[in-house]
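Position chains D and Z against the provided structure of chain E, taking the given hints into account.
Spelled out, the chains give:
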Amino acid sequence: MQTEWLLEVEGVTVAFGGIVAVDDVSFRVRAGEVLGVIGPNGAGKTTLFNALTALVPLSHGDVKLSGASVSGWTTHRIARAGIARTLQTPEIFPQITVRENMLAAILSRQTPWLIAVGLGLPSARRCEARAGEEADRLLRDSLLRDEGGRLAGDLPFGHQRLLEIYRALALDPRVLLLDEPLSGLTREEAGVVLGLIRQIRGAGRAVLLVEHDLPSVLAVADRIVVLAEGRLIAEGTPAEVQRDENVRRVYLGREAGQERAAGQGGMAQ
Amino acid sequence: MATLLQLVLAGIGMGSVYALVAIGFSLIYKVTGVINFAQGEFAMIGSMSFWLLQSHGIPLVPALVVAVAIAAAVGAAIGRFVMYPAAQASVLTLIFITLGLDTALRGLGTLVWGVNPVAVQAFSGNGVLHVLGAVVPTQNLWIFGAVVIVAALLYFLLERTYFGQGMTAAMDNPTAARLYGMNPLRFGLYAWVLAAAIGAFGGVVFAPMTMANTNMGLELGLYGFVGAILGGLDSLPGAAVGGIALGIVTSLSAGYISSDWADGVAFAVLLIMLLVRPQGILGTSLNRRV
Amino acid sequence: MSRQLLGTARNPAVQALLVLAIPLALGLVVGPYWVSELTLVGMYTLVVIGLNLFMGYAGQVSLGQAGFFGIGAYAVGIASTHFGLAPWIGLVLGMVLAAAAAWLLGVLALHLMQHYLALATLAFGIIADVAFQQLPLTGGNSGLYGIPAFTLNAIGFLALTWGAVALGSWFTNRLVRSGTGSLLEAVRSSEVATALMGADPATVKRQAFIVSAVLAAAAGGIYASWEGYIDPTVFTFALSINLVLMAVVGGLRSVVGAVLGAAGVEAINQILKFAGASLAPATSGALQLTIYGLALVVIMIYWPEGLVTGLGARSRARRTAGPQLPLQSVDGHERDGGQVVDGAQRS
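Chains as they are written, first to last, in the numbering used here: chain E, 1 to 269; chain D, 1 to 290; chain Z, 1 to 347.
Next up, chain E with everything else stripped away, as it sits in the complex:
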């Protein structure tokens, strides 16, 4: 029965000095499921993602991918194992083209020897050729199919977000973590991204979605976990979560709370 859960988060705790940003959070995700992660600003959503991808160390707890623990692994090893993610501010590589962005992502898995590539050894050539074909194939099936030759930095913001998601998909991940993929997008672009998320889920992958736009999360998520002040306060289907007393309290007191949190957030940046 272990394989039923694709991603298991068990008692994950992240503390910086005396501040506990994520406090004993546990949940599990199945393949083919979209899990919404919501909560007010400062609830620890991005820190949770950082912990899952080893950008910050776990203070306690364990993360399992298909039943095998990945805690203590480095970021790139976790990525190779199948957990991909995007960042709140998209980190595309602006000075190379869209296609080259995809190539970089595809080649990241093998990281060919630079010396072999420079000398043009057959193994490196084969690797490069395969990567080129894969990049073309991925781009052909994407919404950026006509923009492969453009410098990524010249893309409009929404397309940069899309590129980052496609780049994460180039890893062929089993779990995709999306950190506010809709923020800064037009309504039209947001619709495209939501469609893409449904498509990803359809391919049997799990998606964890941190997003402030609640209606979108309610529309696309199969289940939702709610974080507040680092703790998991509710978990369930969108309907269950909307009825939950704890959640209502957090979101009713939200106006004042969020303003305060936003003020702090702005200063901490």
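If you're looking for bench data, these hints aren't it; they were derived computationally from the structure.
Check each hint, because a few of them may be wrong.
What the hints assert, rightly or not - Here are some chain E residues the structure puts well away from chain Z; computed CB gaps all over 12 Å:
id	residue
1	Glu4
2	Glu10
3	Thr13
4	Gly17
5	Glu33
6	Pro40
7	Asn41
8	Pro57
9	Ser59
10	Gly72
11	Arg137
12	Arg223
13	Glu229
14	Arg243
15	Glu245
16	Asn246
Claimed, not checked - Using 20 Å as the maximum straight-line C-alpha spacing, the simulated SDA-like pairs for lysine to any residue come out as follows:
id	chain 1	residue 1	chain 2	residue 2
17	Z	Lys273	D	Val115
18	Z	Lys273	Z	Ala238
19	E	Lys64	E	Ala219
20	E	Lys64	E	Phe27
21	Z	Lys273	D	Leu108
22	D	Lys30	D	Phe156
23	D	Lys30	D	Gly232
24	Z	Lys273	D	Leu111
25	D	Lys30	D	Asn173
Backbone N, C-alpha and C define an ideal beta-carbon position, used for all residues, glycine too.
Chains D and Z alone, transformed into the frame defined by chain E:
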């Protein structure tokens, strides 16, 4: 035993100079995020200006004040005319800029003061003190005193004045400082002036210990960096402690191994330190970026 | 037509041939003095091409390249004068030794952020220089005499040097234009994003560092055999800075930039030597330092991408579709601006 004490005391004297350079280095790093490779040149400017004034018969205190003021003016010019236009530059670019400043200041110093080493008179004669069998030049007391004075003044300035609290805020959180209407560039400028003055003060008190020359800045600067990193780049007390510790280490290695290898030992210590206490690895850099 | 010509000129093999042919042709028409100057520029260029890869493409700083140059030089010197081996063998040994040193330093220090890494490489350079002065094999401060030449005449050395430059340029150009070159750019642009894609940024940086070290050692080995005499005053921090200056003057991301940077700095050297003939040697040296330093500062403030790379990037942007943006707008600031505008449209 007497040899050990002798070496440690000599190391503290030399280390106090490194500490002054290191404090200036940390100050600029904390306020502006710039690694200032030209920091040692402020000590050179202090030394050579002091020598020039002294050789014209100017008494100790005015000569010291003017020498420090000259370096502070150079620091201000750099802070204003180099660092303002380069405010948006990348870490890589800023490293190249301060390396260029170091080279240019060394060249300009040589054009102004010539290439020959010069002798600077000790503040209170060439006397020595005898401490438990060890011999300490009285100038060492001046050097050590300089560190104590600078540390006390900096503490007072940063902790007890409104200006200093603004500067501390700018160091800890530049964005917040900007929200409160403080101009981080302005504080960067003050940091350059202060760092230049502190470095020059170190150069002036150090000058009588050796033959001062226009090439001394590079070596002092490099030792200052090592000291600052030993103590912790973003801690001013750390820079002072690190500088003095480095002085003791190099003095001991010169005494017990060979003075020829002292440079090698100092930089091996730097490498080991970077290995054992790796600041700025992915983990800590992320809190800022994600 | 002109685009086709441009495409041909950008072909790595064509560039490599030009890099070999132009200095050789020049060498055949000018006198022996200029042949020796051209050879020296070639050696610097070889180091600078390696620095280009490490600094311009992988986005790191090395302030210890003189150490690798010295390792190459002393390997040839020691192998030939102490052990009677052919300089070729010393050259290969030096490259292997430099690769090993770079690997070790990379393991120790390449996880550090840029400015710590700069200090670590600086420390390496100074330790190497102290070792050259103090080790029994290196001949101490008096250096090593009578290092045999590669049994070549002056033109032969010119061809050998620029042949090595051509190989280095061919290698680097192929690498940076490949998909793996995009991975290098990824590391330069964001190590976090690179790690999230599954590549270890430290591995990529380490490999680029090793390549740069091997090229520097090759240049050093040729230098020792060409000069016939080496001492520690050559392989100092000042040389490392000079090499960095050559790299950034031309531009950190182009072979042409490397050649022009090395040639430009050497030209300033020569001009100052002629102009400074009436001055005392110390004064002309100081003038040189001042000019180098100020040049570095001014270029870095106003053309942080270097002189040649700045132009190259512009022509590249013109070739690609879409609106042209000035180079500065490719960083985060413009993106933040875009976000605000898009956000406003959305609400």
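Examine each Cβ of chain Z, and state whether all of them lie more than 12 Å from the Cβ of Pro40 of chain E.
For Pro40 of chain E, whose nearest Cβ neighbour in chain Z is about 19 Å away, the distance exceeds 12 Å, so it holds.
Hint check: Lys30 of chain D vs Phe156 of chain D, CA-CA at most 20 Å. Holds or violated?
Roughly 17 Å between the alpha carbons, so the hint for Lys30 of chain D and Phe156 of chain D holds.
Would you mind confirming whether the straight-line C-alpha gap from Lys273 of chain Z to Ala238 of chain Z stays at or under 20 Å?
OK: Lys273 of chain Z and Ala238 of chain Z at ~18 Å, within 20 Å.
Is it correct that the beta-carbon of Gly17 of chain E has no partner in chain Z closer than or equal to 12 Å?
holds (21 Å)
Is it the case that Ser59 of chain E keeps its Cβ farther than 12 Å from each residue Cβ in chain Z?
It holds; Ser59 of chain E is separated from chain Z by about 21 Å at its closest Cβ, greater than 12 Å.
Pair hint outcome, Lys64 of chain E versus Phe27 of chain E [Cα-Cα no greater than 20 Å]
holds (11 Å)
Is it the case that Glu10 of chain E keeps its Cβ farther than 12 Å from each residue Cβ in chain Z?
Non-interface label stands for Glu10 of chain E: nearest chain Z Cβ at 22 Å, farther than 12 Å.
Reported absence of Glu4 of chain E from the contact zone with chain Z (all CB gaps over 12 Å)
holds (26 Å)
Please check whether the beta-carbon of Arg243 of chain E is more than 12 Å away from every beta-carbon in chain Z.
holds (28 Å)
Least C-beta distance between Glu245 of chain E and chain Z, which was stated to exceed 12 Å:
holds (30 Å)
Given as non-interface: Asn41 of chain E, partner chain Z, CB spacing beyond 12 Å
Consistent with the label, Asn41 of chain E stays out of reach of chain Z, its closest Cβ about 16 Å off (over 12 Å).
Can we trust that Glu33 of chain E is non-interface, i.e. its beta-carbon lies farther than 12 Å from all of chain Z?
holds (22 Å)
The structure shown violates just one earlier hint, number 19.
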